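J.: Here are the chains, one letter per residue:
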Amino acid sequence: MSSFAQNQLYETFELNIGPQHPATHGVLRFKVVMDGEYIVKAEPVLGYIHRMHEKMAEDRTWNKFWPNMSRLDYVSAMAYTHCYAGLVERANGIEVPERAEYIRVITVELNRIQSHLLWWGVLVMDLGGFTPILYAFDDREVILDLLESVTGSRLTYCYFRFGGVYNDIDDDFITGTRAFIKQLRERIPMYHKLVTGNAILIERLEGICPLSAEMCRKYGATGPVLRGSGVNFDVRKNEPYSAYPEFDFDIPVYHEGDSMARYMVRMDEMLQSLRIIEQALDKLPEGPVKADKVPKVLKPPAGDYYYAVEAARGTFSMRAVSDGSNTPYRIKLRSPTYSNLSLFEEATSGMLLADALAFMSSLDLVIPEMDR
Amino acid sequence: MDELIRLLSYFVGIAAFLGFNLAYLGWVERKGAGHIQRRNGPKEVGPYGLLQPLADGLKLMSKQLVVPAAADKPLFMCAPVLAMVPAVLLFVVIPFGDGLVPRQFNSGLLMMFAFASVAVLSILMAGWGSGNKYSLIAGTRAVSQNIAFEIPMLITAITIVMITGTLDLSEIVRYQDGGFWRWNIFRLDKSILMPASFLIFYICSMAETNRAPFDLGEAESELVAGYHTEYGGMGFGLFMMAEYANLVIGCSLTTILFLGGWQSPFGILPDGPHWFFLKMYFLVWCFVWMRWTFPRVTLWGLLNLSWKYLIPFSLVNLLLTALFIKVF
Amino acid sequence: MDTFMDHETIKNELEKLANEGLAGAGQAADAPGSGVQADESDAKSKQEGQPRQNGLIETDHAARGFHLDVRISPEQVVRAAEILDRGGFTLETITGVDWLKENQFELVYDYACTGGKLFRAAVRTRIDRDKPEIATISEVFPGANWHERETWDFFGIIFTGHPQLERFLLPDDCDFHPLRKDFQP
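Chains G, E and X supply the protein sequences, listed in that same order. So for the first sequence, the working numbering puts the first residue at 1; every next one is plus one. So for the second sequence, the working numbering puts the first residue at 1; every next one is plus one. So for the third sequence, the working numbering puts the first residue at 1; every next one is plus one.
Honestly, I wouldn't trust all of these hints.
[Unchecked claim] Which stretches of chain X does chain G cover? Using the computed rule of at least three CB atoms under 8 Å from a CB of chain G, they are:
1) 64 to 74
2) 108 to 116
3) 130 to 137
Since the hints were made in silico from the structure, they are not lab data. None of these values were measured; they are calculated from a predicted model. Every residue, glycine too, gets a C-beta built ideally from N, C-alpha and C.
Model the full structure from these sequences, guided by the hints.
T.: Quick look at the structure:
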């Protein structure tokens, strides 16, 4: 226990937060030992939505595992299916046509914006401001409608196939996306003016729970949590995959490490995603959207493979061990939320309860992704 | 006999007013919240959702009042009632118009503050009596919040008393006659900081009634529902009604002390209760507006605000007013 | 970031560590140096029915997803973690694999360098399936705490020295380890 905890070993009481609770974004339970309003020890208890996707992978063929991938993190499902597609294509040596790569990037970035909008609305709602979430969802509806017109699903996408995507995008999608880019570019400054500049919000986020880069490294935290602590690491830039090398975009990095830094990282990321989508739409090449000679039954060579993508919450990576048959021997899903939350216990020792909950919101947790 | 009839008619009138308000302030809040959030608010039940409060009332009355096994039963049952009683009682002193007050008290202001303090007890009783740690935390938070914000409120009220020289609410309103610029909020000749003290009083009444952004007692996203987590049916209904009643009282008090009560601003319409209601409902609307705009402050932010900013400021204001009265 | 060792040094240290284990394990001194393709060696060893020997292989990132593939003995896990910690690496995940036919569990530790140029190292080790014990690296990388707990939960691999080896994702009263290949539901 930290030194704070050691000095407070009297008159503590144990509080149980969750698993059903308005603030935990999903079914997450905390066993909190408290001294008045101060947290002595907050231990997350997981497993309430554990569905054992890794075992399911061993029973299904490579093709049949697709739907599982989007059920992991349903808010940012496109990136997860992107990782799986990339993994199996890497294992089998399948080449993806350029147009498909561009379409993949466009849909993944739209998905990322949608995930950050949800996070923003929920963060402010957790802090007590019930209005911004409805504005965020308004924008989100546009994205969901766009993606539904192309993929057929609003939330859990099964759009990618090995070798490309299954459905080409049409002109309605392109005009709709361009209109949306314009709309969001006007809305985000409005959100900054109304919400980010609010004195109460600043008081609740600034200086709350600063995480050092070293702590993030020790716990394996990635994504906006890491970038809010000053480390410039984004899989899209450091380990480029898919069509990302073709686009010109920045990685927002803030150095304070507090909740406000993480907040600003995600807000800026939305604008950067808009840039990527715009460039992708401008440079969209013609061509097929699916590779021709993809075998129906995939049997990757024996060995293990690794693939990492930048999901909305951090580095999502998969390790697949194949034994040459048509079902995976072992698939390991490395979810960013899992590593991001593992530092919760150490970070919140000695914090006030309301601050800890605001910190949790700034970590952007999605519990099904964590529990798999 | 006349007196009895007068009292009875006031009794019926206030009961009706109260009932109407408690039901329909909820409607105003939900419609207001809806439109601020770019949606409609209640619209199904009755035209524009006007029968929604009736439906809600029926729902609450038909629900089972579950008493948790670990609860302290007498405290648990008394708390909602105790929340309601002071709020209703205080309507006895509020002057709706010239002479339109159920009972003339020369220390009406004092009575207001005395009963408002009792309301805090009910929160603590609810928090402790629920036998639930969340409620307890919320109850203690609400108590420290209420105590902290009563002080600047009292100091600012004392400022007004110093100016008008009386604790009688009707007299305070009569003191402000003579048009818009003689309302206490604009009486810069009495104290240069008068508008500021209006703001202090308004903020404190927001905190006293546990309204957002000061609603730590019911902090929904942190503590489920705070001190009324364990209440269902009419127990919860009583707490909600008490909150709205306190809201009306707070806004009425602000109107009386600062905005001239029933006085008309520029002689547009004659003085009367309609002006009182107009001003009061304007303030109520501002409460609703602020609830849906701002996030919630933290407990220590709240207490800092009170102890470090509002209290010194109101004390300075008090001294300044005393100076002005003596000198000018 | 300046105090971290650079990738070349890390590679050499890991190679030294792995070859130490090689000499001690008494296996055929067919030390694979850099330049041998990973799949070739794997395929060869699978043909011969033997697991791969200790050593370091530089892999093609585009083909496999990581830059270094290091095989060490179970006792060297903590030292490898310390080397990588000094290199500024972060632990991404710990994967357990159940090789039923060879009666072994394999543990793969995935490390990535987040500061500066990307560099991924996969450190693997094999332990006996009948007595699955290995030292914990949660002293070096606190993030390993949860990964090891999950691996125990799914496979039954005991991490000696772990502060809290309890059920994590599965229910508390579970008495089986589902990801084992001989698990019958």
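J.: So, for every hint listed, does it hold in this structure?
T.: Here is how each hint holds up against the structure:
Closer than 8 Å: that is the beta-carbon criterion, and the segment 64 to 74 of chain X has 3 residues meeting it against chain G, so the requirement of 3 holds. Only when three residues or more bring their CB closer than 8 Å to a CB of chain G does the claim for the segment 108 to 116 of chain X stand; here the count is 5, and the claim holds. Judged by the Cβ-Cβ criterion of 8 Å, the segment 130 to 137 of chain X is not covered by chain G as claimed, because only 0 of its residues qualify and three are needed.
Checked against the numbered hints above, the structure breaks only hint 3 and satisfies the rest.
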